[in-house]
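What follows is the residue order along each chain.
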Amino acid sequence: MRTTIFRVAATLWANRKARAGLSILFVFAAVAVLAPLLAPYSPTATNFARSAPASWSHPLGTTGSGQDALSQLLYGTRISLFVGFGAGLAATIVAMLVGVVAGYARGPIEVILGFATNLFLVIPGLPLMIVLAAYLPTRGVGTILVVVSVTGWAWGARVLRSQTATLAAREFVAAARLAGEGIWRIVWHEIVPNMVSLLAASFFGASTAAVLAEAGLEFLGLGNPSTISWGTMLFWAQNSNALLTGQWALLVAPGLCIALLASAMSLVNFGIDAIGNPRLRER
Amino acid sequence: MDTRPPSQSEHAPLLTASGLEVLYEPAGGPPVHAVRGVDISIGQGQLVGLVGESGCGKSTLGYALARLLRPPARIAAGTVVFDSTDITNLDRKSLRGIRHNGLAVVLQSGMNALNPVRRVRGHFHDVLGAQQRLHAAEVDNTAETLLSQVELAPSVLDRYPHELSGGMRQRVAIALALALKPRLVVFDEPTTALDVIVQRAIMDTIARLQAEVGFTALIISHDLGLVLGATDQVWVMYAGRIVERRDSPALATGPLHPYSAALLACQGDPTAEKVELGGIPGSPPDLSKPPEGCAFAPRCWLSGPPCKEEPHEKLVGTGSVTCHMAPTKLEVPKLIRRVDGPSEPIPDSGHGAKVPTTASAAVAKGRGRHRDATTAEPLALIDVTKDFKTKRAAPSEGVQAQGLVQAVAGVSLRLEAGQAMGLVGGSGSGKTTLGRMIVGLERPSSGSITLGNLRVDKLRTRDLPRYWRRVQMVFQDPYAGLNPLHSVGYTVGRAIRNHQGLKGDDYRRELLRLFDTVGLAPPEHYAAKLPHQLSGGQRQRVVIARALAAKPQVLVADEPVSMLDVSLRAEILHLLGELRKNTGASLLYITHDLLSARLVTDQLVVLRQGHIVESGPTSSVLRSPSHPYTVELIAAIPTVQQSQTVPAGAITERPGEPV
Ligand SMILES: Nc1ncnc2c1ncn2[C@@H]1O[C@H](COP(=O)(O)OP(=O)(O)O)[C@@H](O)[C@H]1O
Ligand code: SF4
Ligand SMILES: [Mg+2]
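Sequence order for the protein chains is Y and C.
Reading the first sequence from the start, the letters are residues 851 to 1133 in this note's numbering.
Reading the second sequence from the start, the letters are residues -5 to 653 in this note's numbering.
Isolated chain Y, as found in the complex:
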């Protein structure tokens, strides 16, 4: 399994698009980690002029409540990455469990899991998130993470399920049964390691969706508005009519970051596709 992961990583790095995506992700990660060093001020300090335009001391201006926008943007990277990758990971784990079991099992389990997957696929995601987020008792990053994971696993589960079914029909799986392997061993040692690139694709796909969903929910005011994140920056910018005061940077900067992060993840996914589908493999 570990060697497979290394192999996939090496192949990814060899692909132009994936390399671009991974480089951008790396920069974002570095910013998230180094935010305290990079940010000129504390993101929560409110002792600046309110709604100030861009200047040397505040390159992106200040918010309606007098905070430095650049510092907020840099710190905001943390939440986006955390929710993006956290929810992506959680959704992928759920997708893997559901998909692999549904793809390998026969009988009622297969039917029930298949039904659940299809149900979550047909329910429109955003309304479900809004309903969930509105009714959950607490508000905050944790809630958003749960909401995004719950709504984000179904696509991956369906893909992994059909791949599992394909692999389960391969001769080496029948051969492993004849060699006396038990069901869990077959699943974990024979089937799952052959799906690493799909799992990675599922992960980056879910993470992209999570980044967008997190920003969306906070923009709609369904998060905790005092968190520092790109979504809440947009929420406050909208609330304080930033465009009317000519502070377009307050809207554009977080928006661009969200778009860039989501694109980077998609680029990685293009690379993974190219590995799985030799027709797309670039030279």
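One or more hints might be untrue.
Said to hold, decoys possible - Cut-off 20 angstroms, straight-line C-alpha distance, at most; resulting in silico cross-link-like pairs (SDA-like, lysine to any residue):
hint: 1; chain 1: C; residue 1: 523; chain 2: Y; residue 2: 1102
hint: 2; chain 1: C; residue 1: 383; chain 2: Y; residue 2: 961
hint: 3; chain 1: C; residue 1: 383; chain 2: Y; residue 2: 1019
Stated by the list, open to error - Okay, the calculated bits of chain Y under chain C, using three or more residues with CB under 8 angstroms as the criterion:
hint: 4; region: 1014 to 1023
hint: 5; region: 1037 to 1050
None of these hints come from the bench; they were simulated from the model.
Note that CB positions come from ideal geometry on N, CA and C, so glycine has one too.
Starting from the structure of chain Y, add chain C with the ligands where the hints point.
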């Protein structure tokens, strides 16, 4: 390389290549020198065969001649002249000109390259519409004519590729290639993966078309027997070179190069009183490190001191041979022999025979230890049937009314303890389904399967692993049968742990013993390999080792050699025969290849559309078949006139060589 006049006298050459060299230059790997100086020419209207094992560069040469090479491959040196035009360096646009009325290729597995979501009609529209600007009605007309030439009904135009059998798809691929009225057609492995009867029918179609339509053809195959019967001339290719180039009848009766002779010895007539089969131990060299001297030397039983030098081409009649020793008397060592009566693998001959010695010794050791009181028991099938539900009726297979396919229709048979039984039939005859039911991977729809007193068809899923200590299966496809991510030692080792419960040193010893038994020596070296680092034949040995890890009483082998080059057939069959003799296991050998059935089985059952049509002792069924289907199966085997006439010239024989 000296240049020489074209050797075809009555045919004006249509295509000539001289000094042709092809390199693959993959991004992350060493360059592969796949074609190393080839001089050939094909006369107008000739049918030429190109044979050799996988990896000898046949496809590469075929593609180079048709200018169809894609990067990372490129023609590194030499010229290709088609119809007096040098096409070696033609650009794309001018190449498109010669595609029409010029060169066409039927790709290896081209039949699987048809677009699955497009009907056959659409494929013809793509080819004809784009190239010739014909109207839809004209295209349909032309397409129907082309289909009738390959013996398909016009209704096929409205089918999707997956609704056609393998043979029908191959015919469609051929019709598509002929659509632009090419003058030279390259067929790359046109019949590989098809069963004998379909193979024969496709070859007949190609030969008939060639005579009627009058194109020139190059047929690439790893099966010399198949090609010899159908062609005028054969080129034998080894390690990127043409080592022998002869008229087909001359090659059939007197091969001059040891490699050709060895390939020929892989052929045999299963209906003869005495059947012998040779093989070619080892495998072709890695062309990223082209060998010094004669490339065949490591596998050649005649090699001597001169072979350290690269041999030169010698002209012989209308052909040529590239070997220091030629012409000489070529007696190919045989690996396996069968005369009427009980089986008789050839005793250890020292020629590629690490297998028998180690096998016998090692297996004999294991036998005393493990083959205990549970004596072998007979396997009995009574009136077994198996129905499969189909979503959509597939043509040409026993389709019944409500979308039910009866794969096996009332089969009764009895495999006595220690017996070897062959189960033969074409594709779709239900062989594999029957085998899978016997090992418990599939449950019969009705009827009973018993091993001794055990009702196999009634076993619960959790009792199956215990059953698999007694009955094991060797899978058909050595590529799909091994998990690509595990070392082969792990794969075999898991079976040892599960079935024998061994740990520590005992485990390790048993693992090495099994590798040794199947002829993978030194075992430590092979156990650490990943499947893709092994050749097809070596993988199949691993698959056999895994089956043996359970020390089964019954071994079901499903076409264990059909995916391998014919040159490996004898070795694997020899191994199976040895193992059976040494372990006392009974063998159910499933195949469409009558020759291999003759070599390893005592009893033969002929299956057709799920029914047994004939059964009896193998040699009598094959030598005096009574059912028309058996007769048809036998007739489909390419026959090679193998009178071993000694070619003129010095006859040298190295002393002490095996017979
Ligand atoms: N795309 C490729 N890149 C690198 N090497 C290749 C490629 N395709 C084929 N080869 C190598 O070229 C040699 C000849 O291959 P091929 O022409 O397919 O032989 P054959 O048709 O006789 O089986 C082999 O050593 C093979 O591994
Ligand atoms: S005899 Fe020598 S030159 Fe001829 S094939 Fe054998 S090794 Fe090569
Ligand atoms: Mg080939």
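- Query: Which of the listed hints are broken here?
  - Reply: 1
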